[in-house]
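Residues 1 to 459, numbered by UniProt numbering, are exactly what the sequence shown covers, in order.
Treat the hints with care, as some may be off.
Stated by the list, open to error - Distance condition first, Cα-Cα at most 16 Å in a straight line; then the derived EDC-like pairs of lysine to aspartate or glutamate: (1) 226 / 263; (2) 114 / 2; (3) 283 / 244; (4) 420 / 344; (5) 447 / 412; (6) 340 / 380; (7) 269 / 214; (8) 67 / 44; (9) 286 / 297; (10) 93 / 72; (11) 252 / 230; (12) 260 / 233; (13) 101 / 85; (14) 286 / 244; (15) 340 / 376; (16) 447 / 413; (17) 420 / 314; (18) 86 / 97; (19) 340 / 366; (20) 336 / 376; (21) 340 / 362; (22) 449 / 413.
In case anyone wonders, no lab produced these hints; they're calculated from the structure.
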Amino acid sequence: MENILVVDDEKNFLIILKAVLEEEYQVLTAQDAFTALEILSHTDVDTVLTDMKMPQMDGILLLERIKQINPELPVIIMTAYGTVEKAVEAMKKGAFDYVLKPFSNEELKLNVRKAIDMHHLLRENRRLNQALHQRYHFENLVGKSTAMQRIFDLIRKVANTKTTVLITGETGTGKELVAKAIHYNSGRKNGPFISVNCGALAETLLDSELFGHEKGSFTGAIALRKGRFELADKGTLFLDEVSEMSPSLQVKLLRVLQEKEFERVGGTKTIKTDVRIITASNKDLKEEIKAGRFREDLYYRLNVVHIHLPPLRERTTDIPLLVAYFLKKYSKEMRKRELKVTPEVLNILYNYSWPGNIRELENVIERAVVLCSGEEIKPEHLPERLREQDTSVHAEIFKHLPPNLKLPEILEEIEARFIKHALVQNNFVQAKAARALGITKSLLQYKIKRYKLLPQKDW
Numbered sequence: 001m002e003n004i005l006v007v008d009d010e011k012n013f014l015i016i017l018k019a020v021l022e023e024e025y026q027v028l029t030a031q032d033a034f035t036a037l038e039i040l041s042h043t044d045v046d047t048v049l050t051d052m053k054m055p056q057m058d059g060i061l062l063l064e065r066i067k068q069i070n071p072e073l074p075v076i077i078m079t080a081y082g083t084v085e086k087a088v089e090a091m092k093k094g095a096f097d098y099v100l101k102p103f104s105n106e107e108l109k110l111n112v113r114k115a116i117d118m119h120h121l122l123r124e125n126r127r128l129n130q131a132l133h134q135r136y137h138f139e140n141l142v143g144k145s146t147a148m149q150r151i152f153d154l155i156r157k158v159a160n161t162k163t164t165v166l167i168t169g170e171t172g173t174g175k176e177l178v179a180k181a182i183h184y185n186s187g188r189k190n191g192p193f194i195s196v197n198c199g200a201l202a203e204t205l206l207d208s209e210l211f212g213h214e215k216g217s218f219t220g221a222i223a224l225r226k227g228r229f230e231l232a233d234k235g236t237l238f239l240d241e242v243s244e245m246s247p248s249l250q251v252k253l254l255r256v257l258q259e260k261e262f263e264r265v266g267g268t269k270t271i272k273t274d275v276r277i278i279t280a281s282n283k284d285l286k287e288e289i290k291a292g293r294f295r296e297d298l299y300y301r302l303n304v305v306h307i308h309l310p311p312l313r314e315r316t317t318d319i320p321l322l323v324a325y326f327l328k329k330y331s332k333e334m335r336k337r338e339l340k341v342t343p344e345v346l347n348i349l350y351n352y353s354w355p356g357n358i359r360e361l362e363n364v365i366e367r368a369v370v371l372c373s374g375e376e377i378k379p380e381h382l383p384e385r386l387r388e389q390d391t392s393v394h395a396e397i398f399k400h401l402p403p404n405l406k407l408p409e410i411l412e413e414i415e416a417r418f419i420k421h422a423l424v425q426n427n428f429v430q431a432k433a434a435r436a437l438g439i440t441k442s443l444l445q446y447k448i449k450r451y452k453l454l455p456q457k458d459w
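Full structure from sequences and hints, please.
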């Protein structure tokens, strides 16, 4: 039941108001503003209903104090006909509404209900914004490997600058996630974050999508339409797969970067824009430049700061952490007890090549959570393409040995694979892995360094 605080210096009037409202709400009362502020200091309320005229501190002063404490809390002013001007002044200072005495019970209840609904809406909006910020906060991006820690450090450094950022990496490595992390940790976080996949639209459609168009500029342009550059004003525009842009659009993008202005398709009016541009590509743009498909001057404008996301197969030490993260996420979404994975499953996941990178891993874990009816994810919950791998110890260790190696090199390769397997089987606890291998922990650490099986920070 929602809480309402009613403030009025007339005791009998308070009693009447409480009787009217307590059918639907928990009603708290105060006969002066100071008592009201005391109640608000330790009680969560959904709406304040206060009289305008009160001794010592009137309704407007109380309103100002409440807005200092909690700007979102709705305040309804009760006033007599002779003080309507004061009520209007209160509205300008942030009152939700005012009611004129004498008022009907229905009118009062309607105003209170509107105020409470607005309060709930504001709280929910704040909660969603906080959740959005939390989701993309770089400290919560998943990864403990040295490569990811360097990326987190880079995000910290570039977030509060106006610098353009180029993010590269294979499909599924999380390029848009990094772009959002930069945006939501920058001074533009309250502005829009707008994403455009440049490879998903034909040239003419992408032109209109980015820059907008005037009415009648082409067949089907029945009305003026703002483009993404206008919609992203004071925020961030993320251009994914920027290498897919046509030469003519590359020229237009270069002009926006240089001049901070553009025209809509079919228009002559120059529009100024204040947008931070972050781009991404799964191609090597230097190779695209050599092939004549990408402008070199645009490349240098976009590549002020470069963040490269390694494929998952190159950051395998992050797999257990990613698995735990996705298990928690999907167990919660599906209202299941948080599941665990068996060592055999972890070994399968660790040794798979992950051509789809983190996106593929997330899909695999989501599928496993759906299929699992017990408390542990087992191999049968994994897709067939993963289970087809022969993950028995010796088959995995001797599989795909590099050709043309001499005997000492082959033995070193096998030893490295044995150590890697022992680490996986023992959840990377080095003391346990050393016992399983029958060697000392110090010798294991020496071998880990020699074969570079873990990032240096994890030695």
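Please flag the earlier hints that this structure goes against, numbers listed from lowest up.
none
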